[in-house]
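Chemist: Assemble chain B onto chain A, guided by the hints.
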Amino acid sequence: MKKIINSLFSIIKVVLLLISFIFVFYVTMTLYEILGKNILDALDIFVPYFLLLLLLILNYVLHQKQITGNLFYNITCCLVFLVIIFISYRTMFDENMLVRYRSGYNMSFYYFLDMMKPLKAMFYLLIAGNICLMVTKPEEKIKHVVVEKEVDVPKKISDRKKKSVVTR
Amino acid sequence: MRTMFQNYFKTIGMALVGLAFGFAFFYLFLNLYHYQEIRRTTYFDASADASYLQLEETLVRIENNISSIQKSGNNSGINVVFVETGLKSCVNNFRNEEILALKEKKQLDIVDVYNLYNDYENKILNDCIVTKISSILFDNDKYEDLDYKKILKYYRDDLLQDTSYLKKDLNNNSTYHFSTDSTSITVKNGVRDSFYEVLSAYNRAAKFLEIVSEWYSSELGGAR
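Chains as they are written, first to last, in the working numbering: chain A, 1 to 168; chain B, 169 to 392.
Worth flagging that the hints you see were computed from the coordinates, not collected in a lab.
All residues carry an ideal CB built from backbone N, CA and C; glycine is no exception.
Among the hints, erroneous ones may be present.
[Stated by the list, open to error] Rough simulated footprint, nothing fancy, chain B against chain A, three-plus residues with beta-carbon under 8 Å:
1) 13-23
2) 83-97
3) 113-120
With the rest of the complex left out, here is chain A (with noise of 0.2 Å):
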């Protein structure tokens, strides 16, 4: 069962990294077009996201179980992801933020700014996770090993030799 929803939160975790590095991107972009700046000064957001993509990336290809394996890694990762496109939405649709008919452009886009300086403290605790968790050794599960063993019986008891079993 934990497998199941494990996997399952490792897929999910790479299809809203995709979806919310869209919803920041075209956020962005707009913002810069606004502003007259070239997209590349806005490479400071983007690079936490190349970052993570590739430790993930890594984690999968080099078989990682400690992190892939890792449920409540998935689960933040899932969490934190959703926190951007929720704000992500909340930049683009929601019409009771009142700053967004302050500029005109129907984007709150202060509201994202402000919201975008601890997201990014989130990434890199993710990523500065991932590493830390990519030094350790995956967890060894625990086998039941049986071994036959015999054992000397004092006369006294039996004189049958008695077979006694040792786990591991």
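Modeler: For chain B alone, kept in the frame of chain A given last:
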């Protein structure tokens, strides 16, 4: 030794992920709460609201004063047509789309209040008070020394400063943080309180227009 370092890195890694988890939940709930807060509405009934009815009555009195202005036969030297056109145009500005739409609405949200304030700023303050009424009253040198005109000048300047804070307060609804109590209270009660602030501003501006129309009505003769 190696196992010890691996355990340390595992602890640090999980702690960092835990921090990200906590932050993510915090910002999710902060935004969900804010999303809900700025959707507050206030109930409104135009037929029973004292401020709205007072505005309607003031506008009716202004219209009566305008209709009592004599178009010809006065020796005051005032351009009657100019005065009458300016006053009528101002009354039409008061009867703008947003104010008339209030009659049909039963619930108001923050966007309605914002649009109402924008119409007040553009149509009432800028167009009516600053442009039309000021040119009618204060561009005529003949009446420059009248004390009454000086009082009206102060009244006009007061009106212009009166609600300058309101737009900033309304725009602040989009930056909701747990910074101060006053910020959260402003957001929570923004709809009801801001609405009545704007409606009071409409009433004060209408009162100013009524005083001006009464003065011209008395200057330019005619039975009421």
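Chemist: Given that the region 113-120 of chain A was listed as covered by chain B, double-check it with a C-beta distance under 8 Å for 3 or more residues.
Modeler: Holds, because 4 residues of the region 113-120 of chain A bring their Cβ atoms closer than 8 Å to Cβ atoms of chain B.
Chemist: According to a criterion of three or more residues whose C-beta lies within less than 8 Å of a C-beta of chain B, is the region 13-23 of chain A covered?
Modeler: With 0 residues in contact (Cβ-Cβ under 8 Å with chain B), the coverage given for the region 13-23 of chain A is violated.
Chemist: Under a C-beta cut-off of less than 8 Å, do 3 or more residues of the region 83-97 of chain A approach chain B closely enough to confirm the stated coverage?
Modeler: holds (count 8)
In summary, the one numbered hint that this structure violates is 1.
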